[in-house]
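Turn these sequences into a full structure, and let the hints steer you where they fit.
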Amino acid sequence: MTVTASPTATATTRDRRPPALGGFSTVVLGIEIRRVLRNRRTLLFILVMPAVFFLLFGLPQRGQTLDNGLPVTGWIMISLAVYAAMVATTSAGGAVATERALGWSRQLRLTPLHPAAYVATKIATAMVLGLLGVLVEFAVGAAAGVRLPAHVWLESGLTAWLGSLVFAALGLFVGYLAPAENVMQFMGPALAILAMLGGLFVPLALLPDVMQQIAKFTPVYGVGQLARAPLTGTGVDWAAVGNVAAWAAFFGLGAARLFRRDTTRV
Amino acid sequence: MTDTAPAVALAGLTKTFGPVTAVDELSLRINPGEVVAFLGPNGAGKTTTVDMLLGLARPDAGTVRLFGGTPADAVRLGRVAAVMQTGGLLKDLTVAETVRMTAHFYGHTRPATEVLERAGIAELADRPVGKCSGGQQQRLRFALALLPDPDLMVLDEPTTGMDVEGRRDFWQAIRADARSGRTVLFATHYLDEADAYADRIVLLRQGRIVADGTTAEIKNLAAGRVVRATLPGADQAALAALPGVRSVEVRGDAVLVHSEDSDVVARHLLTRTAARDLEITSRNLEDAFLALTATADATATADAGDRSPR
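Those sequence lines, one after another, are chains A and B.
Just so we're aligned: the first sequence equals residues 1 to 266 in the numbering used here.
Just so we're aligned: the second sequence equals residues 267 to 576 in the numbering used here.
Read the hints as simulated data drawn from the structure, not as lab findings.
Predicted, not measured: the structure shown is a model, and the values here were computed from it.
Warning: the hint list may mix true and false statements.
[Unchecked claim] Using 25 Å as the maximum straight-line C-alpha spacing, the simulated DMTMM-like pairs for lysine to aspartate or glutamate come out as follows:
id: 1; chain 1: B; residue 1: LYS397; chain 2: A; residue 2: GLU99
id: 2; chain 1: B; residue 1: LYS357; chain 2: A; residue 2: GLU99
id: 3; chain 1: B; residue 1: LYS485; chain 2: B; residue 2: ASP519
id: 4; chain 1: A; residue 1: LYS216; chain 2: A; residue 2: ASP237
id: 5; chain 1: B; residue 1: LYS485; chain 2: B; residue 2: ASP326
id: 6; chain 1: B; residue 1: LYS397; chain 2: B; residue 2: GLU380
id: 7; chain 1: B; residue 1: LYS485; chain 2: B; residue 2: GLU526
id: 8; chain 1: B; residue 1: LYS357; chain 2: A; residue 2: ASP262
This is how it looks when you write it as structure tokens:
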């Protein structure tokens, strides 16, 4: 049928279009990042604590060297950079729990924002924070006298950062699983235990044999090994790669599944 | 085709939660430009209906069409926006940040400064949301809903929990907005709000529409007076047969007669019966509301008049 230009027709033919990229925007990302950086507790856990750990546990090892002559402080610094990045990305991903509890996710369903764009923003926020965690840890290390070949800084830094994507997925997974407003209250201690088993706080060789065997199957082990590989010069450890891939798949698919349940639950 | 479609078309909408039927085969048509109040007590099914209308809940049966399309289509194009009762705000953002962020979720919006202005919270732009009062937060929700310049604005009990002043300010903001042609649907359990702001009132009870008409028509249901007297063993049938009587209700020894002609009832009671303690009060909208929305078994009521108009 032909539509005549009634007043209603004019009213409804105004600029009506869905948002580009499903509503993903760098402005929103910027606000999200600023939001996290305003949270003092988050900053304490992702930036200050790992740096303080380095000063407490790294500095006393000054002067010690690994088998290849590189400093032990480098080993500790890289491990703690992995830790900082994983705490940062887990907490940023876990923020969806808070937003679900607050009813923000529900509010978003009344806007054209595509759920995938929402998750993309969360992941991007997590990765920016993760990068910040790595950079701060490295800056503290460098300021405290850690000297490493340039390729080690770069490769280890990138691996620690990109590996933390696994934990952004973990954060989202837990965020969509937990109804609680403050997921990080129980995730904090859990991450510390995982970091311990992943050999970020003490070398796994110092743990009992059984623990060492179990530890190799925990989610932090692979990322830690790979991030330190450029330093130790052990080359690519395929068991570690397998560990990262398996946990990335597990958390990623788990988060995706819960996310789909959350968005289709009408 | 969509341009001639009603703003809202609900057909046979039904939603049950376990044994409870929250919304019961509800059908409703709202034309573009109407300002409609969904009026009913708590548990009447207002929020459930609004949720289904917005696509937040899936009906067990029936259909929802907004401007001829699905709720999801209307949301995607920014044709519908809603102010929900509570929640839905991030406390650690400022008012301005919340508006700016939400604006980027749409393809096209009104300027942020304009919606803050219209919602009457321009001066609160830099305040953290968590430090805003309930009324201010509600006006922020309203500002967010104004962003896409929606053709349909849905408000679900927008003033619940606000003090009198907050309610007045909020409705002032809504009124000031009143863009011609915008369809507004609001749920409320405040009669005065429905009376003051709606052109049309849809009265809900137990998931069904019990009355639907202009504010004047609904008020008309409240016409007449109530004659109350103490009269043990009142003859309900005789009272109901009097001219102008709409309903007769017996509460213990008391009898309440709702009538368009209270004089006739009073004269009858005082001259033909042993009635004493006679009182005559005028019925207001509140009484009509209570009468129409009270559950059927709450009081022993003998209906003389037609209580379900149209």
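Against the structure, the hints come out as follows:
no. : hint                  : result
1   : B:LYS397 <-> A:GLU99  : 18 Å, holds
2   : B:LYS357 <-> A:GLU99  : 10 Å, holds
3   : B:LYS485 <-> B:ASP519 : 29 Å, violated
4   : A:LYS216 <-> A:ASP237 : 12 Å, holds
5   : B:LYS485 <-> B:ASP326 : 33 Å, violated
6   : B:LYS397 <-> B:GLU380 : 22 Å, holds
7   : B:LYS485 <-> B:GLU526 : 14 Å, holds
8   : B:LYS357 <-> A:ASP262 : 22 Å, holds
Checked against the numbered hints listed earlier, the structure breaks hints 3, 5; every other hint is satisfied.
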